[in-house]
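K.L.:
Single-letter residue listing:
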Amino acid sequence: MDVNGSYKSSKIITGTLPFITSNEKDRYLLLNQSTVDNRVRKIDPTQPASPGLASIITYKLANANLDWVESFNTKINSQDYSVMVLSAYFDRDVKGTTTAIPSYGVKSVNNEWILYADYSEVAAATNGTWTLVCAIYPKTYVKIFPERGPFNVNSTSSGSDNNPILQ
Amino acid sequence: MKKLYLISIFSAAAQIHAQVGIGTTTPTEKLEIVGSTSIGTSVTIDPTNYVNNPSGFTIVGTDPQSATVNGQVVALETLYTPVTIQPYNITNVYRDDLNDLNLNIPTDKYFITIANFEAIPSLGNKGIYTSNNNKGHFIFDAFQSGTTWHVKIGYPTLNTENTTDKYTYKFDVILYSKRFFKNLGEVTYNLNGSNTGSAGTAPIGI
Chain A
0 MDVNGSYKSS KIITGTLPFI TSNEKDRYLL LNQSTVDNRV RKIDPTQPAS PGLASIITYK
60 LANANLDWVE SFNTKINSQD YSVMVLSAYF DRDVKGTTTA IPSYGVKSVN NEWILYADYS
120 EVAAATNGTW TLVCAIYPKT YVKIFPERGP FNVNSTSSGS DNNPILQ
Chain B
0 MKKLYLISIF SAAAQIHAQV GIGTTTPTEK LEIVGSTSIG TSVTIDPTNY VNNPSGFTIV
60 GTDPQSATVN GQVVALETLY TPVTIQPYNI TNVYRDDLND LNLNIPTDKY FITIANFEAI
120 PSLGNKGIYT SNNNKGHFIF DAFQSGTTWH VKIGYPTLNT ENTTDKYTYK FDVILYSKRF
180 FKNLGEVTYN LNGSNTGSAG TAPIGI
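Those protein sequence lines, which keep their order, are chains A and B.
Residue 66 in numbering that gives the first Met the number 0 is what sits at position 67 of the first sequence, and the numbering runs on without skipping anything.
Residue 130 in numbering that gives the first Met the number 0 is what sits at position 131 of the second sequence, and the numbering runs on without skipping anything.
Treat the hints as calculated values from the structure; they're not laboratory data.
Any given hint could turn out to be false.
[What the hints assert, rightly or not] Short derived list, chain B residues pointing at chain A, Cβ under 7 Å:
{"no.": "1", "residue": "VAL72"}
{"no.": "2", "residue": "TYR93"}
{"no.": "3", "residue": "ASP96"}
{"no.": "4", "residue": "LYS134"}
{"no.": "5", "residue": "PHE139"}
{"no.": "6", "residue": "LEU183"}
{"no.": "7", "residue": "TYR188"}
{"no.": "8", "residue": "ALA201"}
Computed from a prediction, not measured in an experiment: that's the story for all the values here.
The beta carbon of each residue, even a glycine, is placed where N, CA and C say it ideally should be.
Given only the sequences and the hints, what does the whole structure look like? Please build it.
P.N.:
Spelled out as structure tokens, the structure:
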């Protein structure tokens, strides 16, 4: 059947689709559906107004207070987006009598995502730069569940979540 | 006259049965086509809420260069998903320094991040050595060099105690297809010696 124009339906395909082949792997298009007009459109992140499935951004926070970034406001709305730090590193030596595990991440404050990074208990001699690679997912595609736990592992080194959300 | 007569029979049948089949005599939908359909300009679908069933859906795409007409709907299978995860196991690293591992993943098609890092010391390797209060700093970075992605891992200013010490590094590389993910690149903010700062505005285009 050929429809020379637009088409409206509640269901499009009921049969089995053919799998994508290696010929199509670099040219296939992903589709999404607008919640405003229900039209199906292709995803094209090369267009300025089209975000793609997610965005990746690298924040370089230079001239920090030695190795400490207590809070950097990305201004990204935490009700509409999820932000995750995928990897991070600091650019110079830290000093102290003990050593430390670097900690970094995001937290939501007043509906905005705040970055933080630090080597606790040790410090750099000069102001340094944290590099944080972050993924920004629209919540259309990503669901964030509330924190689970605390899981008390009773002074042992292992534990188990016996009732995971997705099974 | 004959044509009008046929149309009126068809309309009456459609009203009685409420289902029309093309290529089938037993349609179960309002309009059921056993075969292909081509739509010229746009498709609109009444929204249906997703029912929670993580393994019960297929992500579909279209092929803009398919045979006969463009736009054949295809199901994405494992190898060609928008995100690909490739675990790596790098053995026999000299001391702790993996200065430049060329993954030969093309930068024009993908951008990558690394996650799930694990460092396993060889027998006798007592870890990163320091005899004073300098605790060094740990680099864990994926970077572009030429047309491919490279990885750097290690303590650039410290070492293991012995030159014979080795590490095994395990990590996952996440490949994001540039056709579906937006790369906003690198943005630098000067915190002017403070431990707080603000971007001013959220990134544009998210």
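K.L.:
If a hint holds in the structure, say so; if it doesn't, say that too.
P.N.:
Consistency of the hints with the structure:
Annotation: B/VAL72 was flagged as interfacial toward chain A, and the flag holds, the nearest CB pair being 6 Å apart, inside 7 Å. Of the supplied interface hints, the one on B/TYR93 is violated, with its beta-carbon coming no nearer than about 20 Å to a beta-carbon of chain A, more than 7 Å. Proximity of B/ASP96 to chain A is violated relative to the hint, the smallest CB-CB distance being about 15 Å (cut-off 7 Å). Interface hint status for B/LYS134: upheld, as the beta-carbon distance to the closest one in chain A is roughly 5 Å, under 7 Å.
A least Cβ separation of about 5 Å between B/PHE139 and chain A falls short of the 7 Å threshold, and the interface hint therefore holds. About 4 Å separates the beta-carbon of B/LEU183 from the nearest beta-carbon of chain A, less than 7 Å, and the hint is met. The closest approach between the C-beta of B/TYR188 and any C-beta of chain A is roughly 6 Å, which is under the 7 Å cut-off, so the hint is satisfied. Nearest Cβ of chain A to the Cβ of B/ALA201: about 4 Å, under the 7 Å cut. The hint holds.
In summary, the numbered hints that this structure violates are 2, 3.
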